[in-house]
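K.L.:
Here is what each chain is made of, one letter per residue.
Protein chains: 2
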Amino acid sequence: MEEEQLERLLRGQERALGRAISLVEDRADGQRELMQQVHPYTGRAQVIGITGSPGAGKSSLVNRLVRVWRGAGEKVAVVAVDPTSPFSGGALLGDRIRMHDHDADQGVFIRSMGTRGSLGGLSEACQDTVRLLDAGGFDRIIIETVGVGQSELDIMKAADTVALVLYPSGGDIIQAFKAGIMEIADVFIINKADLPGVPQLRRELEDLLHLTNAPVTRRIVETISTDGTGAGEAVEALEAHHAAIRDSGEKEARRLRRLDADVRRRVMEQVEADIEPLLQEQLQQKQSGDPYDISEAVYRAYQARTSGRST
Amino acid sequence: MEEEQLERLLRGQERALGRAISLVEDRADGQRELMQQVHPYTGRAQVIGITGSPGAGKSSLVNRLVRVWRGAGEKVAVVAVDPTSPFSGGALLGDRIRMHDHDADQGVFIRSMGTRGSLGGLSEACQDTVRLLDAGGFDRIIIETVGVGQSELDIMKAADTVALVLYPSGGDIIQAFKAGIMEIADVFIINKADLPGVPQLRRELEDLLHLTNAPVTRRIVETISTDGTGAGEAVEALEAHHAAIRDSGEKEARRLRRLDADVRRRVMEQVEADIEPLLQEQLQQKQSGDPYDISEAVYRAYQARTSGRST
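If you read the protein sequences in the order shown, they are chains A and B.
Quick note: the first sequence uses the working numbering, first residue 1, plus one each step.
Quick note: the second sequence uses the working numbering, first residue 1, plus one each step.
These are calculated hints, taken from the structure and not from any lab test.
Treat each hint with caution, since some may be false.
Since the list can't tell identical chains apart, any single copy or any two copies may satisfy a pair.
[As the list claims (entries may be wrong)] Dumping the calculated BS3-like pairs for lysine-lysine here, alpha-carbon to alpha-carbon at most 30 Å:
(1) Lys251 x Lys75
(2) Lys251 x Lys286
(3) Lys157 x Lys286
Just chain A, same shape as in the assembly (with noise of 0.2 Å):
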């Protein structure tokens, strides 16, 4: 990227961002650059993962803790990922409702991102845009998902906190659970507070925190985000958490595990690349053959044809 539309994305412009996003999305050619250039100006953030069932309120609480974030004077941004979807960019009807909302503040950026080819790849995008908004100055970065399964996990990954919204009688516990949501997340919003079973729904919550051995630091908010009820609470909370995690030295250890996964991920890419013909010529030869034997017959071709090359 040349160096005038570098400074506007530094800057946090909306332009040079939405942009920038767009080549990360894409994963254009000059993506690599652009990220190696933004690299200097990335880790001041607090990357926030808000996750949830589907019904539980999530846009609506995030555009409360937005505000909150706004009165305070601090520039947040909002990336809205729905694995489910094919589209990108901003486009979607609730985010046109919320970009609404803040309409002309200069202090927010929302941002809608879709299936991209596979999970991986929306996975990576999401965390390369993440790193955007970090340069682009943005001190709270906010990952929105659509539901709690598998792949929010995955995209879950990239925040320091995790913050699942729950709702009673949303019967959505069990499905974080499974997901594995449960043991990631570090505060737990109940929203739509002004409905029965908040009681039971924080005492099964409680329970289950229990049985997973959380630390007793994770904590439990209550939310109306219809009115705004308990917004500065579940702000206060969120950041708590990233104090903690700043001070004791776990943000840099998660920034760390994100790296080992991150550069893992492109080496094994690059490896599978090169194996790939010789899995195909092995597979064509032995059809019938054992997977035990045919690995090791790939491995082996493997090794001899690195070694081949130097020599």
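With chain A's structure known, arrange chain B on it following the hints.
P.N.:
Chain B only, in chain A's frame:
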């Protein structure tokens, strides 16, 4: 495995099979040798995956199918997979009840299988178990899962024929659609067909199947597993699918795709283990680096190491 044990296994003897399955579940010594020994005896059975939301009545339906096949003199095995349970070995309540149903019937083998570390581990153990049962002479091997999610999708890939069990007003159709089960299901069984809402469910299903461009051969059958209604028709649909894919060469194509995935996974696991120390070394040196640079360094180091070793 010693000759005598292997012969017992190939005759479908329950204790020999149980032990062999425990061996592959534990990834214990001798597992690989065992799988190589049974390999020549596999490929005969029809492997049927049965999936659907909890509450769809899968277990009692499976019971009905087993009875129909037993009545026709066929040997049937059921592997009940629960990715959310840590238990294995056929000790689950539901299985004990079912076991009782087919008590002392040497032509029926039932085994439950829980999480084995990772999902990948479970899926692999499940595939090996199916191969063992196939070698043991079972004509129909049913893999039954507890729910419809990403994990179940992965497990279903071991099947020749996938049946999705739905029930009126279950609301699980959308979840199955999201998890990608809709695309891979070959037979759709509307269970509890005595409940109201069957025509609507059938219509909804037909609409969705149309949406996903399904081949018209995919059949919808209605069953009532409490009294056995439709079990014969379901068996017929499952057998018809098997005959069709065998004749068209699709069964063999699926086997080759599975072999490809299996071999690929094994090779990649081996390579990843090789790369591990190089990865750790580079990550140590370049903690604040860009993931692209680090992954390139790891890749280059791996290439250099492999070629260095053989010279």
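K.L.:
None of the hints should be skipped; say for each whether it holds.
P.N.:
Checked hints:
1. Taking the shortest alpha-carbon separations for lysine 251 and lysine 75, only the intra-copy value of 20 Å comes in at or below 30 Å, while the best inter-copy value is 56 Å.
2. With identical chains, the CA atoms of lysine 251 and lysine 286 are at most 30 Å apart between copies only, with a shortest distance of 17 Å across copies and 49 Å within one.
3. Taking identical chains as interchangeable, the C-alpha atoms of lysine 157 and lysine 286 lie at most 30 Å apart only when they sit on different chains, with a minimum of 21 Å there against 40 Å within one chain.
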